[in-house]
Structure formats: structure tokens, C-alpha cells
Amino acid sequence: MSAFSQLRLHGVSRRFGGQDALTDLDLTIEAGEFIALLGPSGCGKSTALNCLAGLLPLTAGSIWQDERRIDTLPPERRGFGMVFQSYALFPHLTVRANIAFGLRMRRLPKEETRRRTEEAVRLVRLEDHVDKLPGQLSGGQQQRVAIARAVVFEPSLVLMDEPLSNLDAKLRLEMRTEIRRLHQSLGLTTVYVTHDQEEALSLADRLVVLRKGRVQQIGSPREMHTRPANWHVADFMGYRNLWRGRVEQLDGSRATVESSGHRLLGEAMGDLQDRAEVVVAVRPEDVRVDGPGETRNAMSATIEVVEYQGRELAAEARTDAGQLLHLRTEQRIAPGDQVKLAIDPGRLLVYPADAERTTEDRSDRLTDSAGAPR
Amino acid sequence: MSGRPLTHWRHRLAERGVDRQLWLLAPALIFVVALFLYPFFYGLTLSFQPTDGGPFSDYARFFSDAYERDTIWITLRIALPAALLNVLAAVPIAYRMRGRFRGKRLVTTLLVVPITLGTVLTAQGLLNFLGPTGWFNRILLSTNLVDEPVRLTHNYWGVFFSLVITGFPFAFLLVLSYLSGIDPTLERAAATLGADWRRRFTRITLPLLMPGLATTFCLTFVLAFSVFPSAVLVGNPAGETRVISLAAYQAAYEQYDYPYASAIAMIMGFVELVIIALVLGARSRFYTGSTGGKG
Numbered sequence: 001m002s003a004f005s006q007l008r009l010h011g012v013s014r015r016f017g018g019q020d021a022l023t024d025l026d027l028t029i030e031a032g033e034f035i036a037l038l039g040p041s042g043c044g045k046s047t048a049l050n051c052l053a054g055l056l057p058l059t060a061g062s063i064w065q066d067e068r069r070i071d072t073l074p075p076e077r078r079g080f081g082m083v084f085q086s087y088a089l090f091p092h093l094t095v096r097a098n099i100a101f102g103l104r105m106r107r108l109p110k111e112e113t114r115r116r117t118e119e120a121v122r123l124v125r126l127e128d129h130v131d132k133l134p135g136q137l138s139g140g141q142q143q144r145v146a147i148a149r150a151v152v153f154e155p156s157l158v159l160m161d162e163p164l165s166n167l168d169a170k171l172r173l174e175m176r177t178e179i180r181r182l183h184q185s186l187g188l189t190t191v192y193v194t195h196d197q198e199e200a201l202s203l204a205d206r207l208v209v210l211r212k213g214r215v216q217q218i219g220s221p222r223e224m225h226t227r228p229a230n231w232h233v234a235d236f237m238g239y240r241n242l243w244r245g246r247v248e249q250l251d252g253s254r255a256t257v258e259s260s261g262h263r264l265l266g267e268a269m270g271d272l273q274d275r276a277e278v279v280v281a282v283r284p285e286d287v288r289v290d291g292p293g294e295t296r297n298a299m300s301a302t303i304e305v306v307e308y309q310g311r312e313l314a315a316e317a318r319t320d321a322g323q324l325l326h327l328r329t330e331q332r333i334a335p336g337d338q339v340k341l342a343i344d345p346g347r348l349l350v351y352p353a354d355a356e357r358t359t360e361d362r363s364d365r366l367t368d369s370a371g372a373p374r
Numbered sequence: 375m376s377g378r379p380l381t382h383w384r385h386r387l388a389e390r391g392v393d394r395q396l397w398l399l400a401p402a403l404i405f406v407v408a409l410f411l412y413p414f415f416y417g418l419t420l421s422f423q424p425t426d427g428g429p430f431s432d433y434a435r436f437f438s439d440a441y442e443r444d445t446i447w448i449t450l451r452i453a454l455p456a457a458l459l460n461v462l463a464a465v466p467i468a469y470r471m472r473g474r475f476r477g478k479r480l481v482t483t484l485l486v487v488p489i490t491l492g493t494v495l496t497a498q499g500l501l502n503f504l505g506p507t508g509w510f511n512r513i514l515l516s517t518n519l520v521d522e523p524v525r526l527t528h529n530y531w532g533v534f535f536s537l538v539i540t541g542f543p544f545a546f547l548l549v550l551s552y553l554s555g556i557d558p559t560l561e562r563a564a565a566t567l568g569a570d571w572r573r574r575f576t577r578i579t580l581p582l583l584m585p586g587l588a589t590t591f592c593l594t595f596v597l598a599f600s601v602f603p604s605a606v607l608v609g610n611p612a613g614e615t616r617v618i619s620l621a622a623y624q625a626a627y628e629q630y631d632y633p634y635a636s637a638i639a640m641i642m643g644f645v646e647l648v649i650i651a652l653v654l655g656a657r658s659r660f661y662t663g664s665t666g667g668k669g
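Line order of the protein sequences matches chains H and E.
If you count the first sequence from 1, position 112 lands on 112 in the working numbering, and the numbers rise without skipping.
If you count the second sequence from 1, position 180 lands on 554 in the working numbering, and the numbers rise without skipping.
Fair warning: there could be bad hints in the mix.
[Stated by the list, open to error] Between beta-carbon pairs, the in silico distance windows are: (1) 41/H x 558/E: 51 to 61 Å; (2) 484/E x 128/H: 51 to 61 Å; (3) 108/H x 663/E: 37 to 47 Å; (4) 332/H x 392/E: 27 to 37 Å; (5) 400/E x 335/H: 51 to 61 Å; (6) 483/E x 132/H: 37 to 47 Å; (7) 437/E x 132/H: 43 to 53 Å; (8) 122/H x 663/E: 22 to 32 Å; (9) 454/E x 165/H: 42 to 52 Å; (10) 222/H x 473/E: 42 to 52 Å.
[What the hints assert, rightly or not] One-sided excerpt, in silico: chain E residues whose CB lies under 7 Å from chain H: (11) 563; (12) 565; (13) 568; (14) 647.
[Unchecked claim] Sample of chain H residues with no beta-carbon within 10 Å of chain E, all distances over it, derived: (15) 53; (16) 61; (17) 77; (18) 113; (19) 125; (20) 139; (21) 149; (22) 159; (23) 180; (24) 196; (25) 265; (26) 268; (27) 314; (28) 316.
In case anyone wonders, no lab produced these hints; they're calculated from the structure.
Note that CB positions come from ideal geometry on N, CA and C, so glycine has one too.
Produce the entire structure from the sequences given, and follow the hints as far as they go.
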């Protein structure tokens, strides 16, 4: 299929029996980009992918491939390759026939089909398995067949629906590198769906974070990582410490917040009003233990739970004021230890608390002043 | 010390799946032995004990008499096309009906109702509907499509329709369950690879469905091959629908020649086995492994 220079999604929406699965998705995908759709389960990311693939009709909106409208085309005429979460390999066809399927459907000459299939087999290093049936392969090998099958006909866009979620941790890391390598060496344009923020950050050029069918933020991995647009995105990007609080004082981009008995100085993210209710977000790795000379955002705490994680320890501590806190450190600490903690004000993000939070399904992630999960 | 070898054996047996739960099979085994194996072997022995002549003389008698011998072809001529039509008709309907949609239960019920009717009621209905003075012919006559009633009962077609009506629900239910056993993502994957619906069906769904169709064919064929009531009620039992079960019946209850009837029953079973072996032989050439679906 012909390559494009831009793929545009205009207000793409999808409803399922009165439920909005995806609302007003606007996105422009440049050729060669690696885009990750990221969000918790049920956020609409798979719906968006299926809409792009043509497997789900849109309820509203349109999809444009340069000047050509494609959202009315059936999937077989869009020419996008897709890797399914379950791989969806044809169980009755050999690895070779699976990979060649897309080329056969395009009625390419036999010789070319054979050559390109062999090429794709080499690309995913399955030379020894071409005559096997998918059922005789391991999960990682099946995954590679699925990828080869989706890229062999040089699609203008490759869609991947949580392709690594069925693999074990070690294989997942290997395949992640593999996918990035293929994307670069073949010059593919890829849209990748995942709920794993680490996977998305490491793979994508641009991330789209979805929540309840709505786009929360679109940006580069660095933007997402350091400046999430709201506390929901922060929550998803690994800011495990989320505390309710109230603005005490505003000073330009700095805000002083009263939260669970602590006075905290942080970076104001978004429109804050004096005395406004806010959510404070801090990554566990930004909480420093016994930082020398650090006096801002200092608090003393007792270590409660320690998990060994190789070079680092992940720990849960309770401040003297009763606030539960997640931290990561390379220092040796043990449950029961009294420690001094400090947080760099540049790494303490203050977000407006949203109005819907009382009915919010993830409000249990927020802790109130008593420190107990609400 | 004496307990040890005993527990040892118990473990060895348990590894091979032999344990006390096997007793749960006992009632079924008793049924099989009492209601199938015993009568079968009784009939088999009986068929080699003709009223006169050597042990094979009843078999020879059947094959030397053209009137008897032809019942095999007559039965096959009805049963094979009927079974084939049942399977072929079930495929598109089941294909359309897999997945969920509103009113599915109602449609399934309507399609399956003929099972509950029984052969006699079906025959009655066929006589009223397709008979010389039935609605079907009356409509054809009144619209001047034909000059005289089309004969669709008391001949080959009557039996054929009756077999389709009673056999289709079985075929449909079986094909539907085989189809829902195929992961629908496979067809979606084929679509993204450029296959239109026709090629999705012929390249993916049909090959995966073939083993199921073969099994379905065997079952509906066996049902059709032992056709008896409709051959009498809506067929022409003296001529073109003198099926093999009718020959056996006449031998047993009109001539009271049980050994000969047993021999016919054995021949009937053998013919069925041959057909089933052929179909299953062809089936093994298809992929018969997991198809990833919920079935």
C-alpha cells in the first residue's frame, strides 16, 4: 500500500450501547513515528486501535490518510499491519504460510512472495522453524511470527495491541528491543497500545495517555515523565505518592501546600487558586533519605516495609504526622529505622484536584490527612 | 512394613489415572454392555446361524438377491445427499449466527424445534403440505405454474425432505458449536492482512471448520441411514424407498427369519462403518488441533 506522510484522526469517537469508549480523539501521526497509546484497562486505547485498523466502525469523526478519507474503508483495504495481543496466528498454516499470507492476499508473483517471506523470516530469526505450525512454537517465537506477518507486506502503518503482555518478564525486555529495532530498520510507522508506562516510555517517540476514553496528554516520553498534565497522568507515569492538600501560598510557579500536617513547597502545575484543593505528586525515586543539608520539604519518618529490588530498595515509610510515603533508595534501610526524608521542590508537583474526585474510581490512590487510603 | 507395598501400588496406579473415582464409570459401562455390546454380539452370532445352509449363507442370500442387494444403494442414495445437504445448509446459517445479536435465542429455537417434533409429526406435515392436494401443489396449480400436481410424497423426495427437516437441527447445532470454537480474532487478523470476506472464509474459517463438518456429516449420515418411519409414511416402501432397515424389518417381523434379519443389520452396520471410515480418513488430512476459541 502507498505510504503516507500524515495520518490524521479527527474527533474519532466510539460508543458501545450508550457507553462512551472513546471520545473526540484528535491525533496527527507523522510517517516514521512510533506512537504509544497508553492508559489503564478500559481507557479506550484498544478501541482507538481497532478503529484505526477498521475492525470497529466509528460512531463519529473521521480518519484521513493525507487527503484520502479511510475510516469508511474495510480493514482489508486499509493496508495496515496489525499484531494482536493473542497473536492470532492461523493454527492450520505453517510459520512460512502465516508470514506469506499478506503477500498472497495481494496476489504478488510467486517468486517475490517467496523472497520477501524468506527475508521476513530472517528478520525475526525464525529460519529453523518455517515449517512448523504455530502450536509448536514458544510464546516468544509466536510473537515474532505475528510481527513478521504484520510487517512483511510493508504496510504504511503497523498497529500493535499489547503485543508483549503474554510474555514473561525477560522475554518482554528482549522483544521490546526487537520491536524498536524493527521499527527503525524498516522505517515503519507504528501505533502501539500498552498499559505499561515503562514499555511506552522506552519505545515511543510520542505518547498519548488516555483515560475514560479521553486524551489526557500527548507528548514526548520526557515531557510525560517530568511534567504530566494532570494528576491522573502523574499517577500513571509512576508518581506513586499522591496526597491531598490545600494551597497555602502562591509565589509564581511555586506553591506552598499544606498536606497531612506537612508544609510542602512544590511546582504549581496548572491553574491554582489560593486555598484551592490540590493533589501533590512525587515519584518514589525523588524522595531522598538523609539528604545532606537539604532542609526544604524535610520530614522525619519511620520505615515500615522494605522490598529488595537489586541495586535499589523500595520502601514504605510513615511520617511522624502519619502520612504514608513510597520511596526508593540505594541506602541500606530496614523496617523500624528512623529516617530524615527530603524532596526537591522541583520534583514535587502540585496539581489542581478535579471536581469529579468523590466519584472517582481511582480516588483510592489518594490518601487523606490521616494517611489511610480513602 | 506391610502397608508400604500397598501404598506404593496405589501411587503407581494413581499416576495412570486408576483410582476409586473410576467406579463412577460403572453405570455407563453396564449400560454399554447390556444395551449395546450384548445385543450386538448376539446378533452377530445369530447372523452366522441361518435356518438352513452354512454360516455365510444368509449373507450370500442377501447379495445374490438383487431386490435385497439394491436396498443398500437405495438407502445410500437417500442418506448421503440428505446428510450432505444438512451440513452444507447449516454452514452459512451457523456462520451468520455465531457471535451475539438480539433475537439469537429465538432464531436458534425456531431452527431446532424440528428435533422435538419426531418423525411421525413431520411426515404428517409433509403429507398435508407437499401432498397432491396439499397447499404447495394447490398454489402451483392456482398460479398455473403446473398443469397437474407435482409428486413430492410417497416417493424419494418425501423421504428426502423428511430427513432434511429432522436432520438439519442436529447439523446446525453441531456446526454452530464448532464455529464458535474458532477464535474470531483469526478472521480479523486475516482482514488486516488484506483478505476479503470470501477469502477469510475459504482460507481461514473453512479449513479450521472442516474436521467439525466431517464429524457432523458422519452423525447426520448415521441418522439418515437408519431411516425407517418416514420411508414407510412419506416414501414408497415397496419401490424406490425400500431402504435397508425396511428389508431387515420385513425379514424379522414378516418372515420371522431372525438370523437373516441379523445378517442384514450387520451389513447395514458395515456399510455405515465404511462411509464413516472414508470421511474420517479424509478428515485426518485437515488440521485438527486447537482453534483458539472458547469451544
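- Item | Those earlier numbered hints the structure runs against, lowest number first | 1, 3, 4, 14, 15, 17, 21 and 22
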